[in-house]
Amino acid sequence: MSRQVYKTPGGGSRGFSSWSAVEFGSTRKNYIARSTVASVRAYGIRSGAPVFGSSIHYGLGGNRSVSISVAAGGSQTGSFGGVPESYGTASGDGFDGGRRMGGGIGRTGGFGLAGVFNRPRIFGLGVIQEVTINKSLLQPLNVETDPQTVEMKVKEYKLIKALNETSLASSLHGDLDDITLERAHLDSELRNMQGTVADYTKKYEDEINKQMSAENDSVTLKKNVDSAHQAKMKLQAHVYTLIQENNFLEDLFEETSQLQDRVNDTSVVLSMDNNGSLDLHSIISGIRTQFEEIAQRDKVEAELLYQTKLGDLQTTAGRHADDLRSIKGQMTDINKVVKRLQIEVENVKKQNERLQKSLMEAEQYGETAIRDANTKLQDSQAALKKGKDDLAGLRRDYSKLLDVTKILDMEIAAYRQLLDSAEYR
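Quick note on numbering: the sequence shown equals residues 1 to 425 in the UniProt record's numbering.
Honestly, the hints are just simulated from the structure, not real lab data.
Please note that a few of the clues may not be correct.
Stated by the list, open to error - In the DSBU-like style, the derived pairs of lysine-lysine whose C-alpha atoms are separated by at most 30 Å in a straight line are:
id, residue 1, residue 2
1, 232, 339
2, 385, 222
3, 328, 234
Build the full structure now, drawing on both the sequences and the hints.
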């Protein structure tokens, strides 16, 4: 007897088994020669699926006796045969041309007992028993196997094979569809994760650009503040120069006023010599007239000069006052600009700190996201590889099952030849 069991990685629960035996008996001697040929095939796909099975026992005798038994059984939780977790029942009926009949029932792949031929007589010790022959048994027995039964069994076997192949193909296609869907889902997750990584990379680059722009703005503001400070220093020096010039002009105006007062208060003392015969009155009158003319002319010239100087000084003072007011206004504006720039610098510093902090957080978050994406990518690749391995295993199992079906087809052909030979005999 030979026994082969095929199982898939998913567990064996769908299958069929076939068992057969052929017996031959001799009529010329009181002994029985038996030749038993049996094969058991079983395979399983998934637990909990239906199982179809059949068992056929044929016993063929010569001229003396013929025994035929037919048994069929089924199983729902395992392959038909001697697996402890599976169960099956088989019953058989037999008849022979001799004295006995046989049958049997089994739980774990048992088979029916074939019909028992004439048992040999037991010889006593030291006594030769007489050999008797029943001539009626020497007559050839016409064994006719029911073709309908054989055809029914063949149809049953073909139906079982078709159902098993259909179930196996459906299961394999279902597994292939599941793996394909899972692969598509993993590819979608991979694309989403790559898009997320690209978004975070873009945000990171934007934050870097914003930081560089803020640093450039800060440098520009510092340059503007330095330029404003230098302009302020120049304006302060110019104001100091104008103040000194104004003080000089004020001193000059005071000296001019004092000089004018001194000229107005000038008195001339003349001394006369009364001893001579000179016409002193006419001389004095002429001198007085000349002196008055000179004094009047000098006074007019001095007044004109002073008025011209005073007008120039007033114009210059007004211009300097306007310049001073303009400079004071400019200084006020510059102070406001300086304060505003200082406030902006402080704001830029705070913004720079916030940007640096957000940049660090973005870097940390980006690194975390990249690590998570790499982990998920590795998991997806591992799952995809596992799915490919499972698919390859299923394909190997499917090829093995195809080999099993070929072997079973060969067995069916052998059974048909045996049945044809039995019918011919």
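For each hint, the structure was consulted:
Our distance criterion of 30 Å between C-alpha atoms is met by residue 232 and residue 339, whose separation comes to about 13 Å. Annotation: proposed proximity of residue 385 to residue 222 is violated, straight-line Cα distance about 60 Å (limit 30 Å). Under the criterion of a C-alpha separation no larger than 30 Å, the hint pairing residue 328 with residue 234 is consistent with the structure, at around 13 Å.
In this structure, only the earlier hint numbered 2 is contradicted, and the remaining ones agree with it.
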